[in-house]
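Peer 1: Each chain, letter by letter, is given below.
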Amino acid sequence: MSAVQLEVKDVVLRFGGVTALQDVSFEVEKSSVHAIIGPNGAGKTSMLNAISGVYRPQKGRIIFEGQDITHRSPYARTSIGIARTFQNIALFKGMTVLDNLLIGRHTHQHSGILKGGLYYGWGEKEEVAQRVVVEDIVDFLEIQHIRKKIVGTLAYGLQKRVELARALALEPKILLLDEPMAGMNTDEKEDMARFIIDTNEDRGTTVVMIEHDMAVVMGICSRVVVLNFGLKIGDGTPEQVQRNPHVQKAYLGQEDSEAVET
Amino acid sequence: MQSGNHLEPLAALAKGPDTFPKLLARNAVRFDGRTALREKKFGIWRPTSWRQYHDHVRDFSLGLVSLGMGRGEKLAIIGDNRPGWVYSELAAQAAGGTSVGIYQDSNLNEVAYVIDHSEAAFVVAEDQEQVDKILDMLQKLPNVRHIIYSDPRGMRNYKHPRLISMKAVEEKGRELARLRPELWMQNVEAGGATDVAIICYTSGATGFPKGAMLTFQNLLTTAENFNKVDPKLPGDEFVSFLPLAWIGEQMMCLASALTAGFIVNFPEEPETVMEDIREIGPNLIFAPPRVWENIASTVQVKIMSTSRFKRFMYNLLMPVGYRMADLRLKQGRASLGWKLAYQLAYWGLFRALKDRLGLSRIRSASTGGAALGPEVFRFFNALGIPLKQIYGQTENSGIACVHAVDDIQFHTVGRPIPGTEIRISDRGEILTRGSSVFVGYHKNEAATRDTLADGWLHSGDAGYLTEDGQLVVIDRHQDLMKLTDNTRFSPQLIENRLKFSPYIKEAMVIGNSRPYVAAMLCIDRSVVGKWAEGQKIAFISYSDLSARGEVYDLLQKEVDKVNKTLPAVAKIRRFVLLYKELDADDEELTRTRKVRRRLVEERYRDVIAALYGSSAQVPIETVIGFPDGKSMQIKTTLLVRDLETA
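Read top to bottom, the protein sequences are chains A and B.
FYI, in the working numbering the residues of the first sequence are 1 to 262.
FYI, in the working numbering the residues of the second sequence are 1 to 646.
Just so you know, the hints here were simulated from the structure itself, not pulled from any lab data.
Fair warning: there could be bad hints in the mix.
To be verified - Think about it this way: if two alpha-carbon atoms lie no more than 20 angstroms apart in a straight line, the pair counts; the simulated DMTMM-like pairs of lysine to aspartate or glutamate are:
| id | chain 1 | residue 1 | chain 2 | residue 2 |
| --- | --- | --- | --- | --- |
| 1 | B | K482 | A | D202 |
| 2 | B | K580 | A | D187 |
| 3 | B | K571 | B | D326 |
| 4 | B | K580 | B | D553 |
| 5 | B | K354 | B | E237 |
| 6 | B | K630 | B | D553 |
| 7 | B | K310 | B | D355 |
| 8 | A | K148 | B | E39 |
| 9 | A | K149 | A | E135 |
| 10 | B | K41 | A | D187 |
| 11 | A | K149 | B | D151 |
| 12 | A | K148 | B | E271 |
| 13 | B | K630 | B | E587 |
| 14 | B | K41 | A | E135 |
| 15 | A | K148 | B | E237 |
| 16 | B | K630 | B | D136 |
| 17 | B | K40 | A | D213 |
| 18 | B | K167 | A | D187 |
| 19 | A | K189 | B | E279 |
| 20 | B | K172 | B | D151 |
| 21 | A | K173 | A | E190 |
| 22 | B | K40 | A | E135 |
| 23 | B | K159 | A | D198 |
| 24 | B | K159 | A | E142 |
| 25 | B | K482 | B | E533 |
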């Protein structure tokens with residue numbers, strides 16, 4: 001059960017003289033929901049970027065399912081099952097929801113220009129197969145009513161959901177979510193939390209998410225890593241982390257508060 | 001793939017199937033592989049043939065029997081419109097039971113009330129959301145033995161002993177069929193015309209809902225009689241998107257579809273209904289006024305924001321449609337010139353517009369459940385959609401009167417359908433009698449006696465018959481108002497005219513024993529919001545928007561338009577825009593979206609006091625308590641607008 005799926009080992013990430021991550025190590029178990037929290041500028045997004053391959057750490061290793069992927073390209077990482085969403089929605093705003101999701105399937109498509117160009121049937125057959133997977137996700141995330149809408153015209157909360165759908169279209173083994181609930185109202189947050197739980201439980205997908213809303217973190221995450229100025233200052237269950245004096249200090253600037261919950 | 005062996009005793013049905021399950025068995029033979037139902041799932045319309053429909057019902061019904069369902073027991077159903085809903089209803093009926101529909105958006109207390117009052121032993125709850133409602137209230141529901149769900153999403157951690165999936169029940173049914181292959185047809189044949197088929201809980205504008213018991217005979221004769229004046233053919237397309245707990249949807253989706261053999265289509269999600277209607281292009285449509293009002297105002301709103309050329313065409317050609325509609329309604333003859341102009345308007349506007357709305361293939365369009373404003377009627381008739389008004393109550397299977405297609409008049413609701421008699425009582429109340437009239441309210445003898453006094457169904461509606469025998473409905477008898485100068489007027493008539501404005505979502509007109517008529521209006525959040533955006537008016541919430549002077553100016557123009565059509569004493573003298581939308585969840589509307597007048601009057605008495613005060617600005621500080629325990633504190637300055645009514 002408790003097989004380690006992702007291992008981050010002594011990762012150091014520097015931008016010139018700025019150290020974004022300093023010897024950060026943690027492990028993510030398969031099929032868990034893992035949170036990365038910390039104050040602004042703590043290095044959370046940098047951590048996610050290091051895992052997804054946008055940044056290459058100067059030191060340390062990132063191991064996914066036993067393979068060292070530290071030096072693989074982001075593209076190679078998606079094809080072994082790592083998908084992500086972005087803090088500022090990264091979708092093709094001028095295209096429909098369906099087209100965005102079909103693009104999310106690209107790693108699963110095999111008929112290239114040559115094959116598709118030689119005989120339309122191959123391409124068509126594949127398109128149908130991809131559409132079946134995409135429709136399953138549309139149903140799963142309850143976005144049937146917008147499937148033919150242009151993404152740019154949708155409300156923010158829905159765009160966030162479409163982005164999650166696009167990531168799920170990859171059928172990832174691990175899903176990295178960068179503030180999936182930022183800027184949402186309570187209802188939208190509840191929906192999103194439900195979708196994340198369903199993704200994790202129904203599909204067995206491991207989730208690593210950055211989240212500020214502590215109520216959400218406490219509610220749906222089984223493990224929490226706390227970063228502060230590039231250093232890991234806490235790692236454990238939500239309850240353990242809440243009691244951790246370093247965490248309290250980083251969040252509240254004082255040592256003896258009980259009011260960590262928000 | 002079962003052979004037709006179990007259907008051998010069909011000879012017994014030769015005298016004519018008199019129950020829903022018998023009709024289903026007949027149709028499974030008669031129509032066999034032809035499409036009976038369609039459901040949009042994963043983006044594709046997936047058909048179910050009459051044979052498959054029958055087999056699902058057979059398996060589920062025998063499954064219920066093996067779970068211990070006895071004849072006369074009740075099965076309650078809550079969920080969106082899906083094949084599973086109709087399978088469940090027919091399965092219960094085939095097992096000798098009665099089906100009880102619950103509106104899917106009901107809150108916990110409403111759900112518990114209906115299940116408890118009907119003594120349902122089985123509950124079919126579509127998905128996690130609905131199952132949660134039942135489980136939350138289970139302590140108060142001692143009669144419930146099994147809760148059956150059809151959508152397993154999110155249910156993996158539910159381990160309640162009384163919970164079982166629809167698939168598992170069907171599997172039990174197939175097991176039982178292997179042991180006793182004759183049982184299914186035996187069960188079907190044991191049913192009879194006078195069995196109670198459904199208990200329909202009426203939304204009840206006052207007090208607790210009452211459960212109207214309707215027999216197969218009530219429903220099937222009504223469907224047949226309705227079919228005589230409004231023919232439906234095998235293979236016609238129909239989209240089912242209104243609550244199946246509503247008598248109108250029961251009449252179409254079950255009674256009529258089983259009788260006539262038309263195809264029932266279930267939309268993908270409630271949010272996709274309009275798109276799904278367009279994809280199907282139905283031949284038949286039956287919807288309550290709010291749906292028609294919605295379509296009409298959507299068209300008007302879209303026209304406001306379309307390209308200049310399209311707007312020009314709309315404004316140019318729409319009057320031609322109106323002119324033709326008026327002529328047709330007066331049964332007058334159009335001159336050749338107008339006919340040509342209408343042809344032009346058809347190709348230039350109506351054809352495209354109807355296609356956009358998915359109404360190009362409509363042969364029969366009707367509205368029922370409440371009165372529809374004449375403006376909306378004219379609108380659809382102008383487009384060439386002969387919208388017919390149906391008048392009826394749950395207690396007479398939903399249909400007493402309907403317009404004939406060549407004789408539509410805005411102010412009437414047409415003539416009684418065959419088999420229904422109509423009489424006006426001495427105090428002006430509409431009474432009906434016939435095979436459609438129900439057998440009584442479940443566990444409520446007193447109400448049954450009152451409603452069925454002297455063998456006539458007392459509708460509670462005031463009305464009269466025209467010289468040529470058409471019925472005119474004025475309003476609910478108890479809602480008719482008398483001003484202090486003894487003028488009588490119907491608030492509903494004024495409200496319907498107000499609601500034709502796309503900016504007005506709900507309206508409540510007051511004036512009983514008061515010096516003049518006043519109105520509380522709820523603005524339409526999206527339409528007025530869009531308008532405000534266009535005017536660069538910033539707002540933060542519904543209450544903020546509804547308190548804007550500019551919005552008041554806009555709405556004043558709308559009220560003025562309505563006032564022009566009203567006699568002097570019934571003109572609206574003052575109005576307010578309410579700071580909150582009326583909501584069924586707060587019990588201010590019924591589940592079929594009719595205003596609960598008395599409750600609203602009581603809850604907003606401060607507002608009403610302001611309407612009959614003298615000040616134009618009234619500070620309001622009040623707490624509104626809602627049935628679910630939450631309360632809303634309101635501290636605002638209410639604007640009251642005076643109108644010139646000279």
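Peer 1: Are the hints correct? Go through all of them and say.
Peer 2: Hints, verified against the model:
Of the supplied pair hints, the one linking B:K482 and A:D202 is violated, its CA atoms being roughly 61 angstroms apart against a limit of 20 angstroms. Among the hinted pairs, B:K580 with A:D187 is consistent with the structure: their alpha-carbon atoms are about 19 angstroms apart, no more than 20 angstroms. The straight-line distance between the Cα atoms of B:K571 and B:D326 is roughly 25 angstroms, outside the 20 angstroms bound, and the hint therefore fails. Distance restraint check for B:K580 and B:D553: the Cα-Cα separation of roughly 19 angstroms lies within the 20 angstroms cut-off, and the hinted pair is therefore satisfied.
Between the alpha carbons of B:K354 and B:E237 the distance comes to roughly 16 angstroms, so the proposed pair stays at or under 20 angstroms and holds. With a C-alpha separation of about 33 angstroms, the suggested pairing of B:K630 with B:D553 is violated against the 20 angstroms cut-off. Between the alpha carbons of B:K310 and B:D355 the distance comes to roughly 15 angstroms, so the proposed pair stays at or under 20 angstroms and holds. For the suggested pair A:K148 and B:E39, the alpha carbons sit about 19 angstroms apart, so the restraint of at most 20 angstroms is met.
For the hint linking A:K149 to A:E135, the alpha-carbon distance of about 15 angstroms falls within 20 angstroms, and the restraint holds. For a cut-off of 20 angstroms, the pair hint linking B:K41 to A:D187 is broken: about 26 angstroms separates their Cα positions. The suggested pairing of A:K149 with B:D151 is violated, with an alpha-carbon distance near 27 angstroms, which exceeds 20 angstroms. About 13 angstroms separates the Cα atoms of A:K148 and B:E271, which keeps this hinted pair within 20 angstroms; it holds.
This hinted pair checks out: B:K630 and B:E587 have alpha carbons roughly 13 angstroms apart, not beyond 20 angstroms. Between the alpha carbons of B:K41 and A:E135 the distance comes to roughly 9 angstroms, so the proposed pair stays at or under 20 angstroms and holds. For the hint pairing A:K148 with B:E237, the CA-to-CA distance comes to about 24 angstroms; that exceeds 20 angstroms, so the pair is violated. A hinted pair counts as satisfied when its Cα atoms are at most 20 angstroms apart, and B:K630 with B:D136 qualifies at roughly 18 angstroms.
Pair hint B:K40 plus A:D213 does not hold up; C-alpha atoms about 37 angstroms apart against a cutoff of 20 angstroms. The straight-line distance between the Cα atoms of B:K167 and A:D187 is roughly 32 angstroms, outside the 20 angstroms bound, and the hint therefore fails. With a CA separation close to 33 angstroms, the supplied pair A:K189 and B:E279 exceeds the 20 angstroms bound. With a C-alpha separation of about 18 angstroms, the suggested pair B:K172 and B:D151 falls inside the 20 angstroms cut-off, and the hint holds.
Under the criterion of a C-alpha separation no larger than 20 angstroms, the hint pairing A:K173 with A:E190 is inconsistent with the structure, at around 24 angstroms. Our distance criterion of 20 angstroms between C-alpha atoms is met by B:K40 and A:E135, whose separation comes to about 12 angstroms. Among the hinted pairs, B:K159 with A:D198 is consistent with the structure: their alpha-carbon atoms are about 17 angstroms apart, no more than 20 angstroms. Using a Cα cut-off of 20 angstroms, the hinted pair B:K159 and A:E142 is violated, with the two alpha carbons roughly 25 angstroms apart.
Of the pairs offered as hints, the one joining B:K482 and B:E533 is violated, with about 41 angstroms between alpha carbons and a cut-off of 20 angstroms exceeded.
Checked against the numbered hints above, the structure breaks hints 1, 3, 6, 10, 11, 15, 17, 18, 19, 21, 24 and 25 and satisfies the rest.
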